[in-house]
Amino acid sequence: MQILEQAQDLPTAGNIKAQWVSLWTGPAVGAVLLVAAIAFPGFWPPMSPTMSADQVAAFYADHTAWIRASQVTFNLCGILIVPFLSLIVVQMKRMRQTHVFAYCYLTAMVSGATIFALSNVFFLVAAFRPGRNPELIQLLNDLAWIVFIAPIGMVVSQFVLLALAVYFDDQEHPVFPKWVGHFSLIIAAAMVPAAGAAVFQTGPLAWDGLWSFWVRNGAYALFVIVMFFVLRKAIQRQAVDDGVISA
Amino acid sequence: MSTATRNRDVWWMTWFFPAWYAVFGVIICLLTRVTPPPRPDVTAAEKVAFFAQHHLTIQIGFTLLLILLGGAAMTNGLVCYQIKRMSVGSVFAYGYIGGMSVGALPGFLLVTVCFLTAAYRPDRNPELISLLYDLGMLSYNGSLGCFTAAYLVLAIAILYDRNEVFPKWFAYVSIWQIITEVIATQMFVFPSGAFAWNGSIAFWLAVVVFSVWLGALIVLLRRAAEEESAKESAQMVAAQ
Amino acid sequence: MTRTEERTETVGRLPGDRDMWIMVLGDMTIFAGYFVIFMIYRAMNRQEFLVAQQHLNITIGVINTVVLVTSSWLVARAVQAIRAGDVQKSIALVVSGGVGGALFMVLKGYEWASKIAAGHTNSDMFYSFYYVITGVHLIHVLIGLIVLGVVVRELRNPARRRAQMVEIGATYWHMVDLLWVIIFALFYVMR
Numbered sequence: 001m002q003i004l005e006q007a008q009d010l011p012t013a014g015n016i017k018a019q020w021v022s023l024w025t026g027p028a029v030g031a032v033l034l035v036a037a038i039a040f041p042g043f044w045p046p047m048s049p050t051m052s053a054d055q056v057a058a059f060y061a062d063h064t065a066w067i068r069a070s071q072v073t074f075n076l077c078g079i080l081i082v083p084f085l086s087l088i089v090v091q092m093k094r095m096r097q098t099h100v101f102a103y104c105y106l107t108a109m110v111s112g113a114t115i116f117a118l119s120n121v122f123f124l125v126a127a128f129r130p131g132r133n134p135e136l137i138q139l140l141n142d143l144a145w146i147v148f149i150a151p152i153g154m155v156v157s158q159f160v161l162l163a164l165a166v167y168f169d170d171q172e173h174p175v176f177p178k179w180v181g182h183f184s185l186i187i188a189a190a191m192v193p194a195a196g197a198a199v200f201q202t203g204p205l206a207w208d209g210l211w212s213f214w215v216r217n218g219a220y221a222l223f224v225i226v227m228f229f230v231l232r233k234a235i236q237r238q239a240v241d242d243g244v245i246s247a
Numbered sequence: 001m002s003t004a005t006r007n008r009d010v011w012w013m014t015w016f017f018p019a020w021y022a023v024f025g026v027i028i029c030l031l032t033r034v035t036p037p038p039r040p041d042v043t044a045a046e047k048v049a050f051f052a053q054h055h056l057t058i059q060i061g062f063t064l065l066l067i068l069l070g071g072a073a074m075t076n077g078l079v080c081y082q083i084k085r086m087s088v089g090s091v092f093a094y095g096y097i098g099g100m101s102v103g104a105l106p107g108f109l110l111v112t113v114c115f116l117t118a119a120y121r122p123d124r125n126p127e128l129i130s131l132l133y134d135l136g137m138l139s140y141n142g143s144l145g146c147f148t149a150a151y152l153v154l155a156i157a158i159l160y161d162r163n164e165v166f167p168k169w170f171a172y173v174s175i176w177q178i179i180t181e182v183i184a185t186q187m188f189v190f191p192s193g194a195f196a197w198n199g200s201i202a203f204w205l206a207v208v209v210f211s212v213w214l215g216a217l218i219v220l221l222r223r224a225a226e227e228e229s230a231k232e233s234a235q236m237v238a239a240q
Numbered sequence: 001m002t003r004t005e006e007r008t009e010t011v012g013r014l015p016g017d018r019d020m021w022i023m024v025l026g027d028m029t030i031f032a033g034y035f036v037i038f039m040i041y042r043a044m045n046r047q048e049f050l051v052a053q054q055h056l057n058i059t060i061g062v063i064n065t066v067v068l069v070t071s072s073w074l075v076a077r078a079v080q081a082i083r084a085g086d087v088q089k090s091i092a093l094v095v096s097g098g099v100g101g102a103l104f105m106v107l108k109g110y111e112w113a114s115k116i117a118a119g120h121t122n123s124d125m126f127y128s129f130y131y132v133i134t135g136v137h138l139i140h141v142l143i144g145l146i147v148l149g150v151v152v153r154e155l156r157n158p159a160r161r162r163a164q165m166v167e168i169g170a171t172y173w174h175m176v177d178l179l180w181v182i183i184f185a186l187f188y189v190m191r
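Protein chains in written order, with our numbering: chain A, 1 to 247; chain B, 1 to 240; chain C, 1 to 191.
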């Protein structure tokens, strides 16, 4: 992105530069989190809820180093996705409506991220003392998985708010194309059933099941990847409209 | 017509900031004893003894924190306000709010409730008390990504800022904070030594850097409010 | 007029800028803390540390030192070039310095991988210090590459090129180099 010379010191250029940097943190953080997810032994295959306490304790004892390394990476880098998601807030504020959806989105995004941070702490504490009573390790493991997979409410709110904002944005050149709204609602629908992970121990809705694990997480990853391209286009157009880059 | 500058609300928050952190410091250091942290390499019986020894001050300190914890929202909001005065638009301000707000729960609320729960029924099975102790301390000292995100956007915002709200060196101090978060990842691996949650590198050196960061921030917030007031006064005079 | 533009005179001027010097001096103070703590643990566990240290490959340590010192020299020449007004030469020298930094990172990554494969993980006390301190240093090298990248971008822009920018980058890069020399001495050489 080549900023025009006459615009370089203007606040409009500062705004675009800030958004551009935040945009690219998305793929950078995404790559790191992908590596951490591949490295986490508990995902390949996803740990079964039906494992006994002794089996869970043995799993943590057998894979301690990799569990700790991958979860520490999630701990350190997971919330680094917040600057990227903040772009959606900024772009929502440019839509043809008041800012109410944008602030609701910000609140939902922060709460959703908090839930992820919490699940991560539980995994790490479960791996901290291999000599702990296996029933307590299983307790922590249950808490970690349930908190990781099941509370999708905040995330669903984010998608619904984004869809509403896109639908309400009826100007000649909307900030996001209308299909982003439909896409958000489809992703939300795909993630809703994961709440069942708090209840089922077997089947597709259990936390290791086809729906609650693979579809839920795959849908969210797809959303982030697609939004990278959508946001990139929106920021470029904003830069042109604000006179920061040439068309 | 009031002669007070419009930003006296900023001044209220600017004075609140060090006052809240002072009370927070008394709570975590003197009353609840989580800073400096109790040792990770002790038996369950010793952890029960820790809770027994500090039972009263833990309950007083953390209950007080339950009442005052909303102050964290105010201190974070003030910094967010200053970021919005920079020439970088709002995205970093939201990133800062986001990072710090996430941090409030696993960062100090979890240790508050874990320790209060441990003190609630002191005759619980010692292994359960041990779990609450570990969960509290690891979340308190080991919530890393949320603050990393906040410090990162703060540093980049300061470096991009043309309005000189904060000096550039404070961006570098914020990056030091990120480095201490990276080093702190080691506490999940070591129950003793320099990298444990009470270790000389993972804790003590990190606390020194944090104190420098916080002290600098308190001074810089005051300076920013002064500059804002000066600008406002100049505008008010020019308008007359 | 921003504060940085006020400093245009070259006589009696601090090279680089005050903010970067605060960064460099503070950073070195923090690293000094790490080094002191390492030395204390080394004194308490002399035999264990000496045994673990034998497995460090001093050859690759020397190569890394040469690479980083050379890149520091290239960046210093870049400062001379921009002061003499030769922008293209300065850009080329900064880029070469950056290549040195990238090479350092690749070598360090290879070294870490071979150590971990040989079983020297951070469960050994000496290596726990080794990985953390060289790891933090590696992050500094990465940040340094970003800094050098910003310097090149500013040099390419006719409206923004100035010697002070290159000096700021050089100040940071020399610090990274100096820290490595101390790390090399403490971990590889001192027996």
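Derived from the structure by calculation, the hints contain no laboratory data.
All C-beta atoms in this analysis are idealised placements derived from N, C-alpha and C, irrespective of residue type, glycine included.
Check each hint, because a few of them may be wrong.
[Unchecked claim] From chain B, some residues computed to sit far from chain A (all C-beta separations above 10 angstroms): (1) 6; (2) 64; (3) 86; (4) 235.
[Said to hold, decoys possible] Covered stretches of chain A, going by a simulated chain B footprint (3 or more residues, C-beta under 8 angstroms): (5) 84-92; (6) 102-111; (7) 131-138.
Each hint, compared with the structure:
1. 6: The assertion about residue 6 of chain B holds, with a minimum of 20 angstroms to chain A.
2. 64: holds (23 angstroms)
3. 86: violated (8 angstroms)
4. 235: Fine: 18 angstroms to the nearest Cβ keeps residue 235 of chain B off the interface.
5. 84-92: Check passed, 5 qualifying residues.
6. 102-111: holds (count 3)
7. 131-138: It holds: at least three residues are needed, and the segment 131-138 of chain A offers 3 whose Cβ sits within less than 8 angstroms of chain B.
In this structure, the one hint that does not hold is number 3.
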